[in-house]
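All chains, full assembly: derive it from the sequences and hints.
2 protein chains.
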Amino acid sequence: MSMDLLIKKIKEKGNPSVVGLDPKLDYVPGFIIEKNFAEYGANLEGAANAILDYNKALIDSLYDVMPAVKPQSAYYEMYGVYGEKTLCETIAYAKSKGMYVLLDGKRNDIGATSEAYSTAYLGETKITEGKNLPAFGADGLTVNGYLGSDGIIPFTDNCKKFGKTIFVLVKTSNKSGIELQDMELKDGRKVYERMAELVNQWGADSVGEYGYTSVGAVVGATYPEEAKALRQIMKKVYFLVPGYGAQGGSAKDVQYSFNDDGLGAIVNSSRGIMCAYKKGDYRDEEFAVAAREEAIRMREEIVSFIR
Amino acid sequence: MSMDLLIKKIKEKGNPSVVGLDPKLDYVPGFIIEKNFAEYGANLEGAANAILDYNKALIDSLYDVMPAVKPQSAYYEMYGVYGEKTLCETIAYAKSKGMYVLLDGKRNDIGATSEAYSTAYLGETKITEGKNLPAFGADGLTVNGYLGSDGIIPFTDNCKKFGKTIFVLVKTSNKSGIELQDMELKDGRKVYERMAELVNQWGADSVGEYGYTSVGAVVGATYPEEAKALRQIMKKVYFLVPGYGAQGGSAKDVQYSFNDDGLGAIVNSSRGIMCAYKKGDYRDEEFAVAAREEAIRMREEIVSFIR
Numbered sequence: 001m002s003m004d005l006l007i008k009k010i011k012e013k014g015n016p017s018v019v020g021l022d023p024k025l026d027y028v029p030g031f032i033i034e035k036n037f038a039e040y041g042a043n044l045e046g047a048a049n050a051i052l053d054y055n056k057a058l059i060d061s062l063y064d065v066m067p068a069v070k071p072q073s074a075y076y077e078m079y080g081v082y083g084e085k086t087l088c089e090t091i092a093y094a095k096s097k098g099m100y101v102l103l104d105g106k107r108n109d110i111g112a113t114s115e116a117y118s119t120a121y122l123g124e125t126k127i128t129e130g131k132n133l134p135a136f137g138a139d140g141l142t143v144n145g146y147l148g149s150d151g152i153i154p155f156t157d158n159c160k161k162f163g164k165t166i167f168v169l170v171k172t173s174n175k176s177g178i179e180l181q182d183m184e185l186k187d188g189r190k191v192y193e194r195m196a197e198l199v200n201q202w203g204a205d206s207v208g209e210y211g212y213t214s215v216g217a218v219v220g221a222t223y224p225e226e227a228k229a230l231r232q233i234m235k236k237v238y239f240l241v242p243g244y245g246a247q248g249g250s251a252k253d254v255q256y257s258f259n260d261d262g263l264g265a266i267v268n269s270s271r272g273i274m275c276a277y278k279k280g281d282y283r284d285e286e287f288a289v290a291a292r293e294e295a296i297r298m299r300e301e302i303v304s305f306i307r
Numbered sequence: 001m002s003m004d005l006l007i008k009k010i011k012e013k014g015n016p017s018v019v020g021l022d023p024k025l026d027y028v029p030g031f032i033i034e035k036n037f038a039e040y041g042a043n044l045e046g047a048a049n050a051i052l053d054y055n056k057a058l059i060d061s062l063y064d065v066m067p068a069v070k071p072q073s074a075y076y077e078m079y080g081v082y083g084e085k086t087l088c089e090t091i092a093y094a095k096s097k098g099m100y101v102l103l104d105g106k107r108n109d110i111g112a113t114s115e116a117y118s119t120a121y122l123g124e125t126k127i128t129e130g131k132n133l134p135a136f137g138a139d140g141l142t143v144n145g146y147l148g149s150d151g152i153i154p155f156t157d158n159c160k161k162f163g164k165t166i167f168v169l170v171k172t173s174n175k176s177g178i179e180l181q182d183m184e185l186k187d188g189r190k191v192y193e194r195m196a197e198l199v200n201q202w203g204a205d206s207v208g209e210y211g212y213t214s215v216g217a218v219v220g221a222t223y224p225e226e227a228k229a230l231r232q233i234m235k236k237v238y239f240l241v242p243g244y245g246a247q248g249g250s251a252k253d254v255q256y257s258f259n260d261d262g263l264g265a266i267v268n269s270s271r272g273i274m275c276a277y278k279k280g281d282y283r284d285e286e287f288a289v290a291a292r293e294e295a296i297r298m299r300e301e302i303v304s305f306i307r
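Line order of the protein sequences matches chains W and U.
Numbering-wise, our numbering puts 154 at position 154 of the first sequence, and it's gapless, one number per residue.
Numbering-wise, our numbering puts 269 at position 269 of the second sequence, and it's gapless, one number per residue.
If you're looking for bench data, these hints aren't it; they were derived computationally from the structure.
You may find that some hints are simply not true.
To be verified - Computed, partial: chain U to chain W, Cβ under 7 Å:
#, residue
1, 44
2, 113
3, 127
4, 133
5, 149
6, 185
7, 228
Claimed, not checked - Mimicking DMTMM-like on lysine to aspartate or glutamate, the simulated pairs with C-alpha atoms at most 25 Å apart in a straight line are:
#, chain 1, residue 1, chain 2, residue 2
8, W, 35, W, 53
9, U, 190, W, 197
10, W, 186, U, 286
Each residue gets a CB set at the ideal place from its N, CA and C atoms; glycine is no exception.
If you want it as structure tokens, here you go:
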């Protein structure tokens, strides 16, 4: 219950950032792909296993400097059943290294079906009376609140039962997020501010020892003014902040997502860390070293703005 | 491109309905579960294989009377990798029997990630230069439009390239859908009406021979008045109509989702068909017969209202 476990890990590492594991095959160094194609074939299985090797090496290099990983489910689903296996094993591996695993799946549905999603990612699947097994076993999950409370409660129920978290899309980092999210309501608020109000409601009964609820919000780094306003509306809500780096959000921009306690936000970087080796003066074999150096650079940069 | 393939199948069967395959283990007759637990163990693998047997028997019994199946992804994801395998095989099996496969996954993300989802379900995954493989191979996918156009275009691109369809959540069937979707905008419209406008935009360039676009809309049977209004706003848009039966929507209610051409909507029933054997005077072994009888009853009932 509550956001405590994630916050504990952020404090331990002194690092309010999360590495997005969005492993396009183009990101994976050629020697890893070749090895896996040789072993499994140039097919979905070979590609998925290359991604698993890549992820594990990144986790090995990052786990002592970063508190959390955020696998983006889409990049695993595109390799079918083999990709899902890689996702499962990536989650388990990151957890075994002490990292908090926030699965980015943006799941949403009506109550009964949200319950199935909640079971899949945050809970345990009932096999027989008294025998329940975890399917994916993540620590947290991103969700979409378009369907309202009865689609969210099955997730908050598992947050309480298993000490998990969810992050609801409020203000997304992309340009056309405004097409629906920024429509002005009759009462003068924007649609995303109404969503923020719902997020407050959904988390209200789950405030933890650091003062934050188990229901976080996704607030893009690319809209710093909106983030500043949302920080005031959702004081007890942890922000997951995408859009830093490749999408154009800066450390200066993300500072507004933090509260005065230095907490309240975790900033994501995916491509910036995963592909750091393609930028600097690195050989392909040094991809994990490059990722670590970028992770440390990012940490220092963000921390310098919230001190 | 366009909705033509689905419409062709609806016309062939004279049946504007789709069977939702939302296979909770509780729905599966005990003898199927026992057989699979004996073969694979009482675990995620055994459960997922029981569901596959159940689905295949339902498809065998329904494929000549129903044009389409709608597997709900959540109910497969909850059995982890084994569940995903069952999903893949269910999709392939239904297609081999000539059914249109509409995957209910309500996926959504920003552009680059939507591209990965679109690849996973509607497109083909690139393995090497010139070698692409389908991951799940559905014919259509439900999506959530909260992130706006750049999150939708990767799906419409694959609709064009591979002749697929998407169905965007507009007005969902659940009670608390109203919490966001029915908020009134400054211009007097509701949020869901703004979403309907976006759906029109997203499909505008994909009108097929029957006059419908490749971008459909999810419009719940439980809100007939709203469906009537949305039918006028989205004239060229096919409606996927959940909420019939177990959720309270009647055939009388769903008639408003159709156009005067007798087309324009496909009505979903999940539990009503899957669990028909639990209602009537059936033995467990007759679950597929019961499903077929309910499917025929539903067809007659719906068709009687749209003639």
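Results of checking the hints against the structure:
no.	hint	in the structure
1	44	holds, 6 Å
2	113	holds, 5 Å
3	127	holds, 6 Å
4	133	holds, 6 Å
5	149	holds, 4 Å
6	185	holds, 5 Å
7	228	violated, 21 Å
8	W:35 <-> W:53	holds, 10 Å
9	U:190 <-> W:197	holds, 18 Å
10	W:186 <-> U:286	violated, 54 Å
Checked against the numbered hints above, the structure violates hints 7 and 10; every other hint is satisfied.
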